[in-house]
Amino acid sequence: MNNIGIKARVIFLGTVPALLFAIILIGYIISNIFGILNQSLVDRGKIIATQLAPAAEYGVISGNRQMLQKLVQQALDHEQDLKTVMVVDNQGLVLAYSGQAIPETLISKIMQENLPEYKQARGIIFSAPIHRSLVEIDDFSSQEENTQQLKKDFSPEKIGQIYVELSNQGLQSYKLVFVVKIASIALLGLLLSGWLAWRIGRNITQPIQEIARAVNKVREGVLSQTLVENSSGELKTLQKGFNSMSASLKHAYDVMQDKINDATSMLRHQAQHDDLTGLINRREFEVRLERCLKTAKENNAKHVFCFLDLDQFKLVNDTSGHIAGDELLKQVSVLLAIRMRERDTLARLGGDEFGLLLENCTQKEADQICSAIQRIIRDFRYSHDDKIFNIGVSIGMVVIDDHFDSVSEVVHAADMACMAAKKAGRNQTVLFNAGDVEVVEQKNAVEAIADITDEIDDDQFMLYCQAIVPLTPNLPHLPNMPAIPQQHHYEILLRKVDLDGKIILPTTFIPSAERYHLMPNIDRWVIKNAFIAYRKLLDIDYEHCNYIFSINLSGTSLGDQSLLPFIREQFAKYAIPPASICFEITETAAIVNLKNTILLFNSLREIGCKFALDDFGSGMSSFMYLKNFDVDYLKIDGAFVKEIHQNRIDHAMVRSIHNVAESMNIKTVAEFVESDAILKQLEIIGVHYGQGLHLGLPITVKELIQQYAELHPR
Amino acid sequence: MWFACCFFAVMCLFSEVALAYTGVTIVMSSKTEANLAFVEQFKTELAGNENNTLNLKVIELPARKRLVVAENSELVIALGAKALEAASKLSHTTPVLAVHTPSLAYEQILEKSLRDASNMSMIMQNQPYARQINFIQLVLPAAKNIGSLVNGNSQTYAEQLKTQADKKGLNVQLTHLNDPSMLIPELKTLLEANDALLAIPDTAVYKPDTAQSILMTSYQFKKPVLCYSLSYAKAGALAALYSSSRHLAKQAAEIAQQSQNAESALPLPQAPKYFSVYVNRQVARLLNIEVNKDVAIFQELLAADNLQNE
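Top to bottom, those sequences are chains A and B. The first sequence begins at 1 in this note's numbering and counts up one residue at a time. The second sequence begins at 1 in this note's numbering and counts up one residue at a time.
Some hints could be false.
A partial selection of chain B residues facing chain A, derived with a Cβ cut-off under 10 Å [stated by the list, open to error]:
no., residue
1, T32
2, Y206
3, K234
Calculated directly from the structure, the hints in this document are not laboratory data. Since this is a predicted model, take the numbers as computed values, not measurements. Even glycine gets a Cβ: it sits at the ideal position worked out from N, Cα and C.
Turn these sequences into a full structure, and let the hints steer you where they fit.
Put into structure tokens, the structure is as follows:
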């Protein structure tokens, strides 16, 4: 019952009680009527018998069988359901009968038991005695003793018996017809009540169904549903409530839809535009580029795509923070956008990279536009926190024609042209030409890292090492460290082995690796394999192994929180003395990741590791940073060293760096010691260590191990 | 013989002494409607006579006690055979008049009481022969043969009637019914041979349990029944010549007054003096018989009676 609808419930309520009532009433009526009918049959039989008995009196007395036969025949003819009428005398002799004769045995039984009625399956036999009647014929009879005595002792003389059999078949038929009629009437009444219940149910459910339909419509999203308020009572309240609710929903939906539209527009805008600068973003730009490529292929149109990469942006970002970098990007975006033609598309492709799509533009016009852009950027002075930066822009230009098959090819070409421009000295424009040397080199550099994945194969790289040679005979001891025998200090160098087995220098693939965020994995590979090498040295001769390996860490690795656990794990795994390992970090990388660098330094220093600040002086070097970094070595950038014997400024710079370092008990290492003249100048200044081709060519780590093994045979 | 002479002498002595009475005691067996009507009419008759000196006392016959009356000074009128039997046991000097008693019963009581006819008399139930014959002829003028079932009770009367009827050209056939079970066959035979059935008071033949059979049989034969009582006529007979209780009371009152100071004995048993006629018109219609008006028949009978008395 719980799952049925309202209409079904109303019909149920309208018919079931009526049905029960009808059943009870019909049962009661049938019971009573049948009782009355049965009794009436009995009464009728009794009456017929008792009435026929006096009528048959004279016939019995006179023995007139014809009279009796006539009597019983008439009775049989005129009385319905009368099956048998039989007259017998007091001796049991049948005087007359009509219809089916009643068996003598049955008559004997009725007579013996003096039964007034005897029921059979198909009828009832009634019997009545025939008495001799008394008729008053004497006016003074009461005076006659005989008469008085006769009256006093009057017991009617039984002279015979009459038997009447009434068939109950007619009654049964009548009962059947009666039951059928009653049942028909009841059924009709039930149908009528069902029909009424259905009508009532419909009256109730119709508005509810309308409401339900309207609710379904609303559920399907059709909110403009209004019901005709044609009901009364609770249903009208429901209809009014629904209309009110529908109106509220519609209003709320409209408001919501407006908000969604706004939000969608905003999202669409966000999806197509760069949050920071408001320019078209890379995705949308690529869509437009795709369109242009298509028109170039189909209509032979000429479009130019320029890949812009800001020079010195990293410096701004690193020195003044991201906020300053972001502000720079915004201002540059405004500067560039102002200069754009209406049909040009300027987009920020990511970081400090911009894309410029010049549709239906000749190379000459593009050159002019690029020159104008470079001039604007070059003339632009960005100031932040009292610092003024000069920036430039390197532009890789690609003429979009049918040589390109995809947008990625176009972007890749422009990227390579842009990198070639950067390599060419920044603030340059390089037009992509597939045959250009710069482009090819750049292409090779990118291709060199194409096979590097998260899991680096051992044969993809090779470790080299270059000696860091003490330049002064008596090096000062490090504080808190005992004097130790002369150690062999090597910087671990990385070389890429391409598929042809050719060695690729890191300057070729490191920028690309950094760009594609491969450096953390490469750094880990270097650490792991350097440790393995050192383990081999230890395994060859632990006692005499006084080597120090300097391992370079890239700036991106410094931001990797899992690096420190990895290094600890490697120390534990290969049981390397921590004092044998020195980590080199470029000055710029250290400054950019100042906080992480300090944490890393502190943590590794606790276990005894050494640190060197690499390329000191190449960036925005500030001696103040040295306070923050507790380093052991300061490696002076080669740019100051390689012309020290010719350039007094470089000489002064090296000297000042060395003096400061020495005052902080930091040992200095000069890179790029490529001649004896340089070596002499360094010795004059007192630089502690030197490193360069003049002091020792890089050798493979494998060779180093081999040499050590030869020196320390077991 | 000697004894008989002495008895007669004594009886004559007593009878002379006893006949004078000053009152009348009516003894009735029970308070039936007929008896009460008789008493009422009797009183009326006495009251209607300016010279009446008779005192009237009415008693109901006690169940077992002996009847107590002022013997020798009263006339006892016994209503019914039972009352008559009780009264018959009174002193022989007390005159007793029997009413509502069949002749045969009267004869038997009289004989049993050893009374003589001088101080015990009766008013008979049977109508006079002439009146009866006149009645038959007035009701059924075309009837020539009349049948009647008789028994010992009525045989004497019936035979006298037959004799008288023959004189008037009316044939009366008498059939003796000795076996009650032969009623219907005898009746059928009788009816087949006659034009009507005459019922004569006879408790052995005409009684309540035979009445219907007689009436039905006669009807079956389309023959009318002439009877002696109003009840019989109303039960289905064609016509009745009868004397009611009031008729008999009037006649008894006349006897009482006439015999009060008479030196002679009570009159001999006499037939009813007063009578009535009743014709059942329904039966007449069913039998398709045209019968003269009751009053006319009565008048003619009365005229015939008067003519005969003259």
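Evaluated hints:
Checking B:T32 against chain A: minimum C-beta separation of about 4 Å stays under 10 Å; hint holds. Satisfaction of the interface hint for B:Y206 is found here, the shortest Cβ-Cβ separation to chain A being roughly 6 Å, below the 10 Å cut-off. A least Cβ separation of about 9 Å between B:K234 and chain A falls short of the 10 Å threshold, and the interface hint therefore holds.
Violated hints for the displayed structure: none, as all numbered hints are satisfied.
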